[in-house]
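Just so you know, the sequences run in chain order A and B. Count the first sequence with this note's numbering and you get residues 328 to 601, in order. Count the second sequence with this note's numbering and you get residues 41 to 345, in order.
It should be emphasised that the hints constitute simulated quantities derived from the structure, not laboratory data. If you're wondering where the values come from, they're calculated on a predicted model, not measured in any experiment. Be aware that a few hints might be false.
Label-pair ranges, simulated between beta-carbon atoms [claimed, not checked]:
1) B:Ile139 <-> A:Thr362: 45 to 53 Å
2) B:Lys307 <-> A:Thr362: 33 to 41 Å
3) B:Asn89 <-> A:Glu429: 51 to 59 Å
Just so you know, even glycine gets a beta-carbon here, dropped at the ideal spot from N, CA and C.
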Amino acid sequence: MKFLKRLLSNKLAVLGIFFILIFLLASLFAPLIATQDYSEMDLYNVLALPSAEHLMGTDEMGRDIFSGIIYGARTSVLIGVSVLLFGGLVGTAIGILAGFFEGKLDMVLMRIIDTLMAFPSILLAMFMIAIIGTGLKGAIVAVSIATVPRFARIVRSSVLKTKKNEYVDACRVLGQSNMKILFRHILPNGMAPIIVQATLTFSEAILIISGLGFLGLGADPMSAEWGAMLSNARAYLMTKPHIAIFPGIAIAITVLGFNLLGDGLRDTLDVKEY
Amino acid sequence: MKYVMKRLLSALVVVFLTSIIVFCIVHLIPGDPAMVYAGAGAKQEQVENVRIEMGLDKPLVVQYINWAGGILQGDFGTSLATKQPILPVLMDKFHNTFILSALGIVFAVGFGLLLGIVSALKHNSFIDLISMFIAIIGISMPIFWVGMLLVMVFSVQMGWFPATGNDTWVSYILPTITIGMNSMAIITRMTRSSVLEVLNEDYMVTAVAKGLRGRTVILVHALKNAMIPIVTTIGMQFGYLMGGAVLTETVFVYPGLGRYLVDSLTKRDYPAIQASILLLAVVFVVVNFIVDSTYYKLDPKMKDA
Numbered sequence: 328m329k330f331l332k333r334l335l336s337n338k339l340a341v342l343g344i345f346f347i348l349i350f351l352l353a354s355l356f357a358p359l360i361a362t363q364d365y366s367e368m369d370l371y372n373v374l375a376l377p378s379a380e381h382l383m384g385t386d387e388m389g390r391d392i393f394s395g396i397i398y399g400a401r402t403s404v405l406i407g408v409s410v411l412l413f414g415g416l417v418g419t420a421i422g423i424l425a426g427f428f429e430g431k432l433d434m435v436l437m438r439i440i441d442t443l444m445a446f447p448s449i450l451l452a453m454f455m456i457a458i459i460g461t462g463l464k465g466a467i468v469a470v471s472i473a474t475v476p477r478f479a480r481i482v483r484s485s486v487l488k489t490k491k492n493e494y495v496d497a498c499r500v501l502g503q504s505n506m507k508i509l510f511r512h513i514l515p516n517g518m519a520p521i522i523v524q525a526t527l528t529f530s531e532a533i534l535i536i537s538g539l540g541f542l543g544l545g546a547d548p549m550s551a552e553w554g555a556m557l558s559n560a561r562a563y564l565m566t567k568p569h570i571a572i573f574p575g576i577a578i579a580i581t582v583l584g585f586n587l588l589g590d591g592l593r594d595t596l597d598v599k600e601y
Numbered sequence: 041m042k043y044v045m046k047r048l049l050s051a052l053v054v055v056f057l058t059s060i061i062v063f064c065i066v067h068l069i070p071g072d073p074a075m076v077y078a079g080a081g082a083k084q085e086q087v088e089n090v091r092i093e094m095g096l097d098k099p100l101v102v103q104y105i106n107w108a109g110g111i112l113q114g115d116f117g118t119s120l121a122t123k124q125p126i127l128p129v130l131m132d133k134f135h136n137t138f139i140l141s142a143l144g145i146v147f148a149v150g151f152g153l154l155l156g157i158v159s160a161l162k163h164n165s166f167i168d169l170i171s172m173f174i175a176i177i178g179i180s181m182p183i184f185w186v187g188m189l190l191v192m193v194f195s196v197q198m199g200w201f202p203a204t205g206n207d208t209w210v211s212y213i214l215p216t217i218t219i220g221m222n223s224m225a226i227i228t229r230m231t232r233s234s235v236l237e238v239l240n241e242d243y244m245v246t247a248v249a250k251g252l253r254g255r256t257v258i259l260v261h262a263l264k265n266a267m268i269p270i271v272t273t274i275g276m277q278f279g280y281l282m283g284g285a286v287l288t289e290t291v292f293v294y295p296g297l298g299r300y301l302v303d304s305l306t307k308r309d310y311p312a313i314q315a316s317i318l319l320l321a322v323v324f325v326v327v328n329f330i331v332d333s334t335y336y337k338l339d340p341k342m343k344d345a
């Protein structure tokens, strides 16, 4: 409770939570908020300016941009959650193995992780796409793998640090099993940096996947994904700039929300950057 | 010196490992590599010819040695899309990307240091607030969207800069801002926090107490000590910048390595994909090595490492 109070006294973090709430509500109630189905085309009404009927206008196929953005929030939640599940879990597992058992295993794992860390996520993702192929699923898998190294690193140093506490020695003396010590004592106490990283990973996943969608390597251009929507808009920058504005704002606000919350959590939980 | 040698050795190992992984791309994708090289719709006979011609019937180790040996001699193979040797195109694209990234890093470092130092010195002031706002926005905006906005405002509305190409120096301005935006934001935040940290150290208080003038204190004491994390950040950013080049080059239809990689990915032109990923990877490793060595020079504590 004390923690929540401190977090809520951080104005920027509250702003972040506000943006995230809008984003989550939009994705949860998409069918209720959207004015029509995004796949519905109206070829007599393409590239229309914002109006009462189409709040943010229509795109080059006459699809309603506002509805696309609302449904796009769903896609983004799916992206963020899947990347966190895959990348976060695998990264955490590697970090635990390396940090808890140390020794040779740690050395080998960290060598690999360091090698991967040397490359920017978008390049790692593109490398994976070269193997898996393009598309949203491929992009999610690719970005998940690209987030593994940072998670592994953070979890490892968190485990290493928490392990040195005296209560851990006490548990050992009491004869508790490794598993119990790890999951009951070390992980809960070393959770703070992992939570901060998870928040930032969520926004990074959305950012990279929208980038891949923009490049035509991610989501199908026909689907409601913010990056893909911007990719279509590129051809009309000169004549109809409005179709490039709204999807970009949607990405920026969502990412900003998670970044502000992440910064706030970092300060509140007193996490040093790794 | 021992430290630098150690870093060099580990950099070489990374390059070696990367080359193996990049080599494996063609063997990891579903399907027969010979079929991939022969192209879609090739007859069985053609596929077999390709297999023998490219040595795909030999053991993987031999194939790797042939491939890596070729690259060491400057032979990156032939593009499947254009049937031309990859090397000249690759060098041309790399040259363009290098220029763009270098301009981007100059922009990012220049403005990032300036904003970071000013906001640290004027901690909690209006300027501090504004630069922190710029920084968090810069981190949150997708860089391709930044590029699109710049084009909309400065090319389409104002007509000040061209929206595409790399013909004149003016045409570099918008891409430079786009590619450098994110790094600038990160460098600003890093600089601000490390300068703030140094300002609270005892030796700063002593320096001020000694009666040193404001500017000397900042330049000589604060910056020198705040420089280590900043240099690390800058080095990392240069690598990330070249990754971000992909997006910037797409927005501005700029003929660089990133755009080439994306085109090759969409065309499934595997030799070109391998060549560009390998080249980008080697550049990251080289940059990281340089940063690590600089770090060593800057931090006397590293002398024993």
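Exercise for the section: For lysine 307 of chain B and threonine 362 of chain A, compare the CB-CB distance with the range 33 to 41 Å and indicate the outcome. Expected result: Holds: the Cβ-Cβ distance is about 38 Å, inside 33 to 41 Å.
Handout entry: Outcome of range test on Cβ distance (isoleucine 139 of chain B, threonine 362 of chain A; 45 to 53 Å)
Key = With a Cβ separation near 46 Å, isoleucine 139 of chain B and threonine 362 of chain A satisfy 45 to 53 Å, so the hint holds.
Problem - Assessment of proposed distance window 51 to 59 Å (beta carbons of asparagine 89 of chain B, glutamate 429 of chain A) - result: The hint (51 to 59 Å, Cβ to Cβ) holds, given that asparagine 89 of chain B and glutamate 429 of chain A are roughly 53 Å apart.
Hint compliance for this structure: every hint is met.
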